[in-house]
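Undergrad: Residue numbers (the numbering used here): 4 to 247.
Hints listed in this document are in silico derivations from the structure and should not be mistaken for laboratory results. Careful, some of the hints might be misleading.
Claimed, not checked - So the derived label-pair ranges between C-beta atoms look like this:
#1 Gly178 x Gln66: 33 to 41 Å
#2 Gly235 x Val122: 34 to 42 Å
#3 Gln184 x Gly112: 19 to 27 Å
#4 Thr39 x Glu227: 17 to 25 Å
#5 Ala234 x Gly178: 37 to 45 Å
Backbone N, C-alpha and C define an ideal beta-carbon position, used for all residues, glycine too.
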Amino acid sequence: MTFANANADLPANRHELAAFIDLMVTTSEVTVAQVTELVEQAGEWGLNACYVLSGRLPQAQAQLPMGALVSYPLGADDSLSKAFSARLAVDQGATEVCVVADLGAIVAGEWNALMADLVTVREAAPAPVTLQIVVETPYLLTLPDGLDRIARCCQIALAVGADMVVTGTGLHPAGGGTSVQAVRAMAESIGGQLGIKAMGGVSTAAQALELMAAGATQLGCSQEEAAALLAGMPNEQPFAPLPR
């Protein structure tokens with residue numbers, strides 16, 4: 004799969020931007036009823052997909068692709084646990100899986116262990132299931148060789164057959180959210196061979212477009228972020244906020 008350079012066709016209106024947004028329902032306090040409402044709203048808005056905690060999947064079927072968050076947000080589960088969660092999610096209707104890479108392995112430079120971990124997940128959820136791999140770039144960018152580590156993670160993601168890399172969970176204590184620097188590092192490493200999801204603190208349409216110009220092919224947003232992004236784009240149709 005080849006991904007076009009985001010500079011080529013930046014969205015010009017709300018409808019076009021919506022197609023690049025994945026709604027990320029990541030908090031445990033969200034009720035089953037709220038998940039159902041959010042998934043329905045995401046479909047009505049024309050969002051690309053909706054990602055939920057894997058335990059919410061049976062109640063969250065919809066007319067748009069459903070993704071499951073695996074080993075979220077720490078990525079520290081053992082390989083078999085990640086693989087089991089991914090397989091169960093697919094069996095319950097997920098067409099996409101987003102797994103958090105083991106940050107400890109990345110920091111330690113245990114690249115073979117990281118690859119083996121992700122291969123196990125890919126084998127449990129093979130194509131055509133979309134596999135996204137989360138790399139905590141806000142933390143890695145605090146390290147002297149952080150850019151090199153980000154690039155190495157992207158190369159491993161490509162090698163294991165992933166479809167997309169993600170700039171972070173948006174929840175790491177390092178903070179800062181996603182950045183143009185992280186997106187560019189990923190784009191330079193994988194050269195359009197994988198998608199890049201910018202996730203974490205993407206809260207304005209201008210910021211979203213800047214990240215897409217840097218190479219992001221998808222945006223991961225909370226309900227509040229998605230509402231702000233779409234409200235900041237021109238559109239002829241009436242607009243209602245996402246339910247809270």
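Undergrad: Between threonine 39 and glutamate 227, does the C-beta distance stay in 17 to 25 Å?
TA: At roughly 19 Å between Cβ atoms, glutamate 227 and threonine 39 fall inside 17 to 25 Å, so the hint holds.
Undergrad: Starting from the hint 34 to 42 Å, judge whether the C-beta atoms of glycine 235 and valine 122 obey it.
TA: holds (40 Å)
Undergrad: With 37 to 45 Å as the target window, see if alanine 234 and glycine 178 comply at their CB atoms.
TA: For glycine 178 against alanine 234, whose Cβ atoms are near 25 Å apart, the range 37 to 45 Å is violated.
Undergrad: A range of 33 to 41 Å was offered for this pair. Does it hold for the Cβ distance of glycine 178 and glutamine 66?
TA: holds (35 Å)
Undergrad: Within 19 to 27 Å or not, the Cβ separation of glutamine 184 and glycine 112?
TA: Roughly 21 Å apart at Cβ, these two residues keep to the hinted range, so it holds.
In terms of the numbered hints stated before, the structure departs from hint 5 and from no other.
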